Every structure is written in structure tokens, then in C-alpha cells.
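Chemist: If you read the protein sequences in the order shown, they are chains A and B.
The numbering used here puts the first sequence at residues 1 to 384.
The numbering used here puts the second sequence at residues 385 to 768.
Heads up, a few of these hints could be off.
[Stated by the list, open to error] In silico DSS-like cross-links for lysine-lysine, where the CA-CA straight-line distance does not exceed 27 Å: (1) LYS757/B with LYS605/B; (2) LYS757/B with LYS433/B; (3) LYS151/A with LYS221/A; (4) LYS433/B with LYS41/A; (5) LYS112/A with LYS151/A; (6) LYS433/B with LYS49/A.
I should point out that these hints are in silico values taken from the structure, not numbers from a laboratory.
Keep in mind the model is a prediction, meaning the values are calculated, not measured.
2 protein chains.
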Amino acid sequence: MPLPFRLEVSDGTARSGVLSTARGDIETPAFMPVATRGVVKGILPGALKRLGASMILMNLYHLLERPGLETAERLGGIHAMFGWDGPILTDSGGYQVWSLSESVSISDEAVKFRSPYDGSERTLTPESAVESQSRLGADVAMALDDCPDPKAGADRIREAADRTIRWAKHCLEAARRPDCALFGIVQGGTDLALRREQASALSAMAFDGFGIGGLSLGEEKSSTWAALEALDATLPREKPRYLMGVGEPTDLLEGVERGVDLFDCVLPARVGRNGGFFTPDGRRQIRNAAFRDDASPLFGGCDCPACAPESGSADLGLPARKTPWSRAALHHFFRVGEMLGPILLSMHNIRFLLRLAASAREAVRAARFAAFKAEFTARYRAGE
Amino acid sequence: MPLPFRLEVSDGTARSGVLSTARGDIETPAFMPVATRGVVKGILPGALKRLGASMILMNLYHLLERPGLETAERLGGIHAMFGWDGPILTDSGGYQVWSLSESVSISDEAVKFRSPYDGSERTLTPESAVESQSRLGADVAMALDDCPDPKAGADRIREAADRTIRWAKHCLEAARRPDCALFGIVQGGTDLALRREQASALSAMAFDGFGIGGLSLGEEKSSTWAALEALDATLPREKPRYLMGVGEPTDLLEGVERGVDLFDCVLPARVGRNGGFFTPDGRRQIRNAAFRDDASPLFGGCDCPACAPESGSADLGLPARKTPWSRAALHHFFRVGEMLGPILLSMHNIRFLLRLAASAREAVRAARFAAFKAEFTARYRAGE
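Sequences and hints are given; from them, build the entire structure.
Modeler: What follows is the structure, encoded as C-alpha cells:
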């Protein structure tokens, strides 16, 4: 059963549609908060849903280590264990094998590596990666990809892309639940011809959608956008496209402009934990001494639990509070190491990205995406 | 205007009443969660209120350092700055001067010490301690006490107790808001005659209630209880008594039995942050491997946000969830360093103490406190 995706509106190459899963619909473009080890750090699943999240991302690589496949299954799967009843997309671990593991050896059959948790040997095959995601309970699983170091040179980039295609076939043959969708992953670095070739090969396979991997890893932004344009012209229009690991606010809009439907990124939570907060006028740092006595909210007009806790009571399921958290209070929390600081800034930043994706969606549907993007980007950059 | 306290029921020497403040009533016996630097670590003020907290405690000593008196005043006081609109009791800093400061020099006029934050010199006088608490917005301020090292010997214990009495007079003369109540603090170590003498002297002064300081600092429990019995017989029955820093579950009941009305302790949050959780059968450690695959809640019958999130949705203002957080999920959070673990266990433990105090209150009012205490204590100790 293919994953139903209904492309409803186009505005130039920007798109808007609805991706349906057994656990709910995702209105696209959409941003997926990252719950690496089962939850978004510090944020209760209910609060996350009421921030506006529809689908969230978890990482097979980390979940296989802890809590482990058997434990997660005994606890009823990742939805039950982690209290999230909406759709979950799981990443296959290809990226983590490259970025986190030691002693990686890779063949057409499997990738072997040492666990960064305890140093013992681990093996992932295309089949086991998909089967494990399905057993964890994923609504959307990702094919295992060979994710090359972007600086490794053209030969390695091609080798990895070709292996990703060979693995893709095995992924499709793996045992998986009928309600677990499967996305292929396009590799190919910034070589546009290779990207097109990969996209064509994957498009001929029975995938429910396509991840775009191997981008936003330090390459020039112009190369990133050129690769997205090449893929937009090659990937089937009727299937969803997911730009993996992208979530800087202006980058998200660049992706939407080039036909991307889904995004994920740890950025909003990571920035928040370190005291950064997004505003329409760029990113700010709450530890800045200028905020010590500042009674205003992070920014006026924000409807997150930190900036608009009263509306948050009804909409976000969060405690009522008559006034916003002031920048001064949040500055204080960071200054004394109180974890409500990171928590409130993470919620603010995640809400910022979710709302940005929702605004992009509205703009596409009103056929004014180009103006929306230009206006947001100019203001955001002017403030940085 | 004295702080209204209505003693309603006695059951032996255990008591139950209502302490009224401009920001709400506190039904006693009551446990006060500790919001040292403005918030209980990791817990939003609304969530805390819906856990059942009525009055919370903040520390003058820490708040004077950060955010500082002027900043807190500019932000509208500690209620506005930290989003808690219920009553706040502030501690005067006497205990923190002893336990946290370097280079302490103490005279009848003032205590001087070095700030543990930046090493610079600080001065507290009985007058400034009370005035600062009032300016911060405290509903109940504590007199400045000279808190001696309990091992310092009889001479130092007596010196500190006598100075605390002399300071008490100055505290009562300090400028303070009419709606800011003031409690004296009884020192005197485990010397029962000295405790009685101190309590008599303070009872003759216009305090709204009495803190019992200098206990639960490593002395034999039998000495603690003997001191409480001496004080119960000496302090005026019509004013509230607050046993400072006590919050171990069975100790709280020992205090209630001996006429104590108020308690505070960092224990539930601190234990929770370190993976400990209270159950009627004693304290447990969630990191224990036995909990790795345990699908049950921390304990059945608990109505905290971790154990009963669904009822929590209505009662506690927390996100709806169909099933309790399993011990396995909480074990996982601690194993991978996810802060939801400490947050959920802190909420569980604080709810446990708040509910224990509420149950003690019910038992007193039903004239069955002795049986309640015996039953709770036997079961709790049998499980340890």
C-alpha cells in the first residue's frame, strides 16, 4: 500500500499537499522536530504536539543502542514507549554511521562499525535497517544509505551513490509492516548529473517518497540549491520529498522554493539549549547582558509557551500564566544554569520553525510564496 | 497586621489549620517545594501549582546575587518575574551564610561573607535581610538567624541562639510591606533548655509564626524529635510552626506528630534529578537494571504527571497521554541523559510529598493521625 500523498497546490516550484499516515495527516511543507532518543530534549510529547508538530523524527541508530529493539518492542513500540501517538519518521542510520562511528567498514552486503556507546561491533544491512525501523513502529522508514564524506572526492561520492541504489533494492525487499511507508534516499553530493542519475534510478522503484541526503554538510549554499533544483526536475512530482537535516529558517524557505515538502533539524532545540533564540529579525543570544533587565518577551507576536503562556494554556496544553516570560527571567535562568531556560527557548525555537513552515504553506496556497520568502529573508538577514 | 492563622483541629499534638496570605490560603500541614533561584528546577510554575503546591520557598541569599534586588524589583518582583502568583516564603540567608559562604565574620550588627558566585564581599544585617525580602515581594519573610555549625560546641550554639534573639528585635523594626508576614527563627541546637528559652523569648515578640532552624543537620533523629517536643510545648499554639529543611517522607510525619505546620525541602527534586523516586514502599532508583523492561508506572495509584498523565491532563494542566510513563522509558531517559527523566521524577517526588502532607492533614482532621503515621512509616521502612 503506497503512502498517500496528495499534492494540492503549486506556486512556481513550491508545493503544498497532505501526506497521510495511519496515525494522522501531515500538511506540507512541514518541519519535523527531532526526538533522537525518543523525545525532543526536555519537551513532553503532548507539549510538542500542541506546539504544532505533526510528524516527528527518531533515529534508528540511537534507538538500537538504547533502549534497544527488543526493549522497545516489549514496551509496545516507540509510540507507546515515548508517548507520541502522531506519525514518526525514523532515520536509517546511514548518516550516523558516517558521522558518529569508529572503524566503519562498508560493503554491498552490510556496514560494520563500532558503537560509540560501548565500542562493540555493530552490523547494519539494508534489510535489517528497514526491518528494525518497522519493528520499532515507524510510520515512515528511511532506506539505508551510504553517506560519504562530502570532501572525499568524486570517486567515493559516486561509489556511495551507486551503493545506495543497490541497497535501495534490498530495502524494498525487507520485511516491513504494511502501514510502514518507505522512502528512498538520494545521494550524489553536489554533482548535478550524478544527482539526476540517482533520482531517476530511485524514481523507478516502489518508494513512497524520497529523502535528499548528503546536503547541508558544509558545501556552498549555491551548490545545495542547485542540487535541489536538479532533483525537483527529476523526482516524481506526485511523491513527497524530504530534505534531511535542514532547518535553519532561511534555508527552509530555500528548500520550499525548490519543491521540498519535509524538513527535519536538531537546530531549534540545540540553539535553544545554548541560549539562542529565533526572532523575525534574526537569531539572538539570551545570555547577552542587554537582556538582563529586559521585561519584554522573546519577541512580540510569538505564540509559543514562553512568549504567550496565556494563549498557551488553551492552545498548547501548558500552564496558564498572565504574562510572558521576560527576556530578563530567561537570561537569569541561563545565568544560574536553571533548565527551564533551555526548555523554554527550545519550545520557542521549535514553535518558530513549525510556524514558519505553516506560514510557507499558507503562502504557497495563496500563490504568494515568492513575496513571503523575500520579505521573511530580508528582515531576518537584516537583523543578524 | 498579623498573618491570620486559624488552628482548626488537633489530634494529640498534631495540628491542622489554615494560614492566610494576600495571595491565597495554605492548608496545613503543608509541604513547600523549593524554588531556590526562582523556580523549582525544571518545573514550570503552572505545573507546580497543579501538582498541588500552595506556598513555595525561594532563597534571599541566591536571589540577591542573581537576578539581584534591583532587577527583580524592575521586573515587578519575584511573583511577576517567575510566574508564580501564589504565596512565596523567602528564607533570610542565615543558613546559606553558614553552609555556602567563605570568610564569614559575624557581629551583633551584621554578617559579612564572600559571595560564592564572584568572591566579592557581602553584608547582611537583620534589617537589610527583612527589607530585601519585602522588596522582592515575599508573602512570608524569615528573620535573619545566626545558624551555627551543629558540631561547634555548646558555647557557639548558645552565642548563635542569643544573637538570633537580638537580631530578631532588629528584624521586627525593619521596613516591610504590611502584607509581608515575618517569622522568627528558633535556634539552640539539641539543648532542650536552650530551645525552650529561645522559644519563650521569641514568643513574646510580634512574629507571625516561627521557623525551627538548626535541626536535621546530622544530629541523632531522637534529638531532633526531642527538640520539636520541647518547642511544641513552648511556642504559642495559635501561631504556625515551620520546620526548616525537612522533607524526608517519614521525617515529615514525625514533625506533624510534634505540632509542626510547615515544611520545606529540596529533597524530592534533588532525589528525582539523581534518579531516585518515592513509593509507599520506600525509595527506589530508576537506573537499576531491573527497570529496563518494566512496563509499569513508578507506582500504581500515584496521580502525578508521570504515573497518571491522563488524569494529569485535567487536574494538572499537563499534556494528555493515554498511558503512564513506564519505568522502562524513565530508565531509558536516565541512561541516555535525557532531561525529561529528572523532570518527570522531580514532579513525581514533589507530588508524593505534597500528597503525603495532604494525607496527613486529612488524618489529623479525622482524628486518626497516629494510625496513619504508623501505617505509612511501617510500609515505607519495610520496603527500604
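Chemist: Now tell me if each hint is right for this structure.
Modeler: Hint check:
no., hint, verdict
1, LYS757/B with LYS605/B, "holds, 16 Å"
2, LYS757/B with LYS433/B, "holds, 26 Å"
3, LYS151/A with LYS221/A, "holds, 15 Å"
4, LYS433/B with LYS41/A, "holds, 23 Å"
5, LYS112/A with LYS151/A, "holds, 22 Å"
6, LYS433/B with LYS49/A, "holds, 23 Å"
Against the hints set out earlier in the document, no violation occurs for any number.
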